[in-house]
Amino acid sequence: MLSANLVLLTALLYVALLFAVAFVGDRRARTGRLGWLQSPLVYTLSISVYCTSWTFYGAVGSAARNGLEFATIYIGPTLVFVGWWVLLRKIVRIAHTQGITSIADMISSRYGKSASLAALVTLIAVVSTTPYIALQLKAVATSFQVISNSGPDALSGTPDAAPDFRAGFWIAAGMAVFTILFGTRNIDAKERHHGVVAAIALEAVVKLVALVAVGLLVTFGIAGGPAQVFELPSAEILRAQDSFGPRWITVIFLSAAAVICLPRQFQVTVVENVDEGHLRTAAWLFPLYLFLISLFVLPIAIAGLSYLPAGSNPDMFVLTLPMWARQDAVALLSFLGGFSSATSMVIVACIALSTMISNHIIMPLALRLRWVSQSASGEIRRFLLASRRVSICVMLLFGFLYYRLSGDSDALASIGLIAFVGAAQVLPSLIGGLFWRHANADGAFAGLIAGTILWAYTLFLPSIGDEAILSAKDLIDGPFGLEFLRPQALFGLTGYDPLVHAIFWSLSVNTLLFVLVSLWREPRPFERLQGTLFVDVFRTPAEATTGLLHRSATTDDLSMLAQRILGADEAQRLFRQAAQQQGRDRDMPIADNAFITQLERTLAGSIGGASAHAMISQVVTGETISLDALMRIADETQRIREYSHQLEEKSRQLEATARQLGEANERLRRLDVEKDHFLSQVSHEVRTPMTSIRSFSEILLDARDLDPTQSEHFLRIIHEESVRLTRLLDSTLELNLLEHGEAPWQLTRIDPELALDNSIRICQGLASGARVRLLEGERARGTMVEGEADRLSQVFINLISNAIKYNTSRTPWVLVSSRIHHDSYEVLIEDNGPGIRADERELIFSKFRRGWAHTQTSAPGAGLGLAISWQIMRRLGGSLSLASGAGRGACFRVSLPYPGRAA
Amino acid sequence: MKSQAPVPARTRNAAALLPAIGVFLWMPPVITLFSGGIEVAGVPLIVAYLFGTWLLLIVCAALLTRRLGQRPQPPMPPDAPVGAPPPYSGPPPHVPPS
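Chains P and R are the protein sequences, given in the same order.
Number 395 in my numbering belongs to position 395 of the first sequence; there are no gaps in the numbering.
Number 1057 in my numbering belongs to position 57 of the second sequence; there are no gaps in the numbering.
FYI, nobody ran anything at the bench for these hints, they're computed from the structure.
Fair warning: this is a prediction, and the values are worked out from it, not measured in the lab.
Among the hints, a few may not be true.
[As the list claims (entries may be wrong)] These stretches of chain P come out as covered by chain R in the derived footprint (C-beta under 8 Å, 3 or more residues):
no., region
1, 171-179
2, 226-236
3, 279-291
4, 592-605
Glycine included, each C-beta is placed from N, C-alpha and C at the ideal position.
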């Protein structure tokens, strides 16, 4: 067993260590050697002020009673931090640009720097935090009694003696000294407390180490492993049927709201944030901290239920289990962990609340009632410091009194969640203000008041108990016997857990009123200005905001104001800096809009946005808000959205155009290749006759003694070759005309059969010369089509003569027939020659292709005949194609549209 | 602060989606799927599930945050045409001494 004196000595040494750490931290910050004080690790550890003694001791108690429900308290913050990009980043950015000092300042600044709204949020915070501070005092006092208890029921976790209020009082006094020393040393322009943060970070490490040490001792030292822990009979706590009901959802939501809205959380997460980039680390490191804190909660709860005597207080398992195992060192560490959780919460809460009380309640009153001298330099600053110190003492005194009055009743046990619900009333106004431009002060006011009243009536007042305000009878029958006003079954809503019931009523009415009133009333210009700055904080450049508010003041007035609030040195430094920025070599800057805005933000960092605005307004004249500029900024967002939409549209169009261009390019390239091919073919075809002409004419020129027959032979060859050349060039020209001829042909009604007869007659001579039988098949006599007889004959002659010339069959024949087929007039020219090879079928109608290239006949021809025929048929509106031949030969089909037999 | 380079939209959307995934995993009805009496290596499935997904979410957040924190490469000079060949980065061409 540990003696009370040893415990007390350890606690005092620990407190001395905290003072030393805070002192060193403060010293380093003052001399500008921030170093590790500004590291993301310290920032993350300071956020863990979320884990108070209520979670250090209470999580195990909650697990022992309700199984997994304890995890909800940690899951909510995990979700918020994992999603930092959406919410926390925006809040921190706004706080940096606006010089926000507290959650009340945040709400008030958003809604036109309304002083009354700030006071309201401060009141809500004070009311919901005081019992919470009492809870911490009680936890420390109880844990001290438990650990130093040497009585027979030491392990029960319930001190036998009456509550030791003396311990509670001295703890409260100690914390007041610490908080005043390090929390209100000076009015920092940015309301940051590096010494306090350093001490809090150390305490965060101690509580984590303590809880993990107890967890390891229980899991591996006592039980012998995780599997063994869950085999204990008390693991039944996990079997709760309705673990994941409405309460599960509600508490996750609630804890998520609390980690943003609780004044102390806002203080460490937002106000003490030095660098927005630290959020990146906290986004995963803080959830990891919560994960580690909750990892051993279940094993400790299960082991406590199994090993400790029945009826032991589960809220003290963290302390009593090591005592039971006779591990005094671990027990002492555990006590220090609980002590750390309690003290860090109280210190940060006191700092946050004292800032809020002095800035938003005392300061506006002092200004109105002229409590402070308006002339003395630094007077306001001294007044603020004094009021903060007094507020801290008052807060702690209230906390102690609450603890003293509620005594050893269970009223405090549930105060953690009750405080969460109170803090969550700020959530609709906060979230709405961040994302909804039309949200306005009246809406926030209505929602906050209604929500808070409902919270107090349905949850807070019933929890106080002791017949203080609401009697037990009121709870059951409703006040004045009005049943529909029963606090825990409002308007007859029964069957829900009181917490779920209270959250439902307070937050839904809060949100509804906030939205409806905001919609019903137009925001004032200044509210609209602030709303734009908040909602569009990532889109509005800093330069654009200074032109929104037009004010003028004399530099002297401003200087006096700054000196009163900041003190002479600080004010002088600020003015000199501004003068340098404006490029003036004197000490005094020009009091333009930008400077007044900058000064107001600096002052807001000390006395809060609402008071700073009020004080600046006293010295400036002609405050006008440029609504045009405001509308422009508001529209800017819309415009950017539209613009990006247009860009998208345009890029889609460009894509389509590019695709079309690509296709056209591809077509052009193909044509180019075709043209090159054509040119090389033409050159080739021209070259052969040219070569023979040249060589024969050279022979004729060189050899003088040629005999006349020989020279005549040579001349004949030259002549033949020139004729061939002319023919080739004629054909090329003709093809060119056909392909690119502009004027359409004059088509007349003709009898195609006559043209066919004519062609057959012309080819008869050729056929008999080549010993080819020219046969006529069935004919479709008496048809009339649109066409041109000469051209048609040309096609027929070309096809028939090709069929004759390239027929290498032993008994060659060519069959010509015609018919009407599917509304077209068709002429089929068939032969029993070698046919067209399958791979050539596609190409025979292109230039310089001889479908019969493989036949090795010596028949002359430029290879343009089929191409010309194909073009002619195209211009006549018909077609020339290769019919899939029945036999081995080729079968060409000429077809022309046939309007009808009646024609 | 406003000079921060933009974060790719894909990463931004993922960052906004992560808490939604957490809500999905930890809210009924999904979480009730795991609340049966089954055990994984001696630990009740629901406990393993809760802490496992928790750790998973933390790892995802850490990875995403690293990507959100990356400063993208400096923006291209405005006159650089889209799709222009990359600037020559090999050894300097040999220039004979004059």
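Hint by hint, here is what the structure shows:
1. For the region 171-179 of chain P, the stated coverage by chain R is violated: 0 residues have a C-beta nearer than 8 Å to a C-beta of that chain, whereas at least 3 were required.
2. Coverage of the region 226-236 of chain P by chain R holds. Counting CB-CB distances below 8 Å, 6 residues qualify, and the rule asks for three or more.
3. Under the rule that three or more residues need a Cβ within less than 8 Å of chain R, the assignment of the region 279-291 of chain P holds, with 7 such residues.
4. By the rule of at least three residues with a Cβ nearer than 8 Å to a Cβ of chain R, the coverage given for the region 592-605 of chain P is violated, with 0 such residues.
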